[in-house]
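Trainee: Take a look at the letters that make up each chain.
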Amino acid sequence: MNKSELIEKIAESNPHLSKRQVEFIVNGVFNSIKSALESEQKVEIRGFGSFKIRKKERKEARNPKTGEKVVVEPKTVPYFKPSREIKIALLK
Amino acid sequence: MTKAEIVDIIHETLGISKKDIYNVVDAVFTTIKEDILNKNSVKISGFGSFEVKTRGRRIGRNPKTGEEKVIEARTVVSFKPSRILKEEVNA
Chain A
530 MNKSELIEKI AESNPHLSKR QVEFIVNGVF NSIKSALESE QKVEIRGFGS FKIRKKERKE
590 ARNPKTGEKV VVEPKTVPYF KPSREIKIAL LK
Chain B
203 MTKAEIVDII HETLGISKKD IYNVVDAVFT TIKEDILNKN SVKISGFGSF EVKTRGRRIG
263 RNPKTGEEKV IEARTVVSFK PSRILKEEVN A
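Same order as they appear, the protein sequences are chains A and B.
Each residue of the first sequence is one higher than the one before, counting from 530 in my numbering.
Each residue of the second sequence is one higher than the one before, counting from 203 in my numbering.
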């Protein structure tokens with residue numbers, strides 16, 4: 530499923546809203562999560578999971594192909610942790 | 203940030219009831235969840251993708267005791283942030 534299919538599905542079950550309204554809200558959800566992460570805030574959605582950022586320090590690594598040493602600058606990475614409910618349900 | 207706060211943010215710019223907004227926001231997560239549980243991957247352009255992957259059976263070790271244990275094959279979901287999201291959190 531991609532974003533337009535997601536919008537389509539939600540619009541079908543909310544016939545009193547226009548597709549543009551649904552699209553606006555769906556985009557709003559992802560943009561809100563994005564700006565929360567940008568300001569280093571955690572986003573917690575009950576039953577779904579949480580989005581966080583992790584800070585990675587500067588490190589020296591090697592290019593596995595050439596063995597050459599490279600410096601990896603410090604960076605921030607977005608990270609998603611699925612809810613217990615999802616993790617357990619996927620095991621079945 | 204929670205679901206309620208996401209609803210508030212959207213409500214500031216969209217003149218429809220909070221209840222209607224809540225229903226759509228909630229549907230975003232329940233619809234993605236349903237797809238994940240049906241072992242389908244979900245791709246949100248500009249944000250990232252939720253990928254359902256299978257991990258093979260392997261021998262794990264308790265790092266504290268050194269004890270070996272079989273970890274059975276299992277299905278997990280992983281989130282792969284889009285290039286845009288990765289760049290934005292670093293900006």
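Think of the hints as simulated: they come from the structure by calculation, not from any bench.
Yeah, the Cβ is synthetic: ideal placement off N, Cα and C, and Gly gets one too.
A few of these clues could be false.
Stretches of chain A that chain B covers, calculated by requiring three or more beta carbons in the stretch to come under 8 Å of a beta carbon on chain B [to be verified]:
# : stretch
1 : 537 to 543
2 : 582 to 593
3 : 597 to 609
Pairs of lysine-lysine, BS3-like flavour, derived with a Cα cap of 30 Å [claimed, not checked]:
# : chain 1 : residue 1 : chain 2 : residue 2
4 : A       : Lys532    : B       : Lys288
5 : A       : Lys571    : B       : Lys271
6 : A       : Lys598    : B       : Lys245
7 : B       : Lys266    : B       : Lys255
8 : A       : Lys588    : B       : Lys255
Trainee: Determine for every hint whether it applies to the structure shown.
Mentor: Status of the hints after comparison with the structure:
{"no.": "1", "hint": "537 to 543", "verdict": "holds (count 4)"}
{"no.": "2", "hint": "582 to 593", "verdict": "violated (count 1)"}
{"no.": "3", "hint": "597 to 609", "verdict": "holds (count 6)"}
{"no.": "4", "hint": "A:Lys532 with B:Lys288", "verdict": "19 Å, holds"}
{"no.": "5", "hint": "A:Lys571 with B:Lys271", "verdict": "34 Å, violated"}
{"no.": "6", "hint": "A:Lys598 with B:Lys245", "verdict": "35 Å, violated"}
{"no.": "7", "hint": "B:Lys266 with B:Lys255", "verdict": "28 Å, holds"}
{"no.": "8", "hint": "A:Lys588 with B:Lys255", "verdict": "29 Å, holds"}
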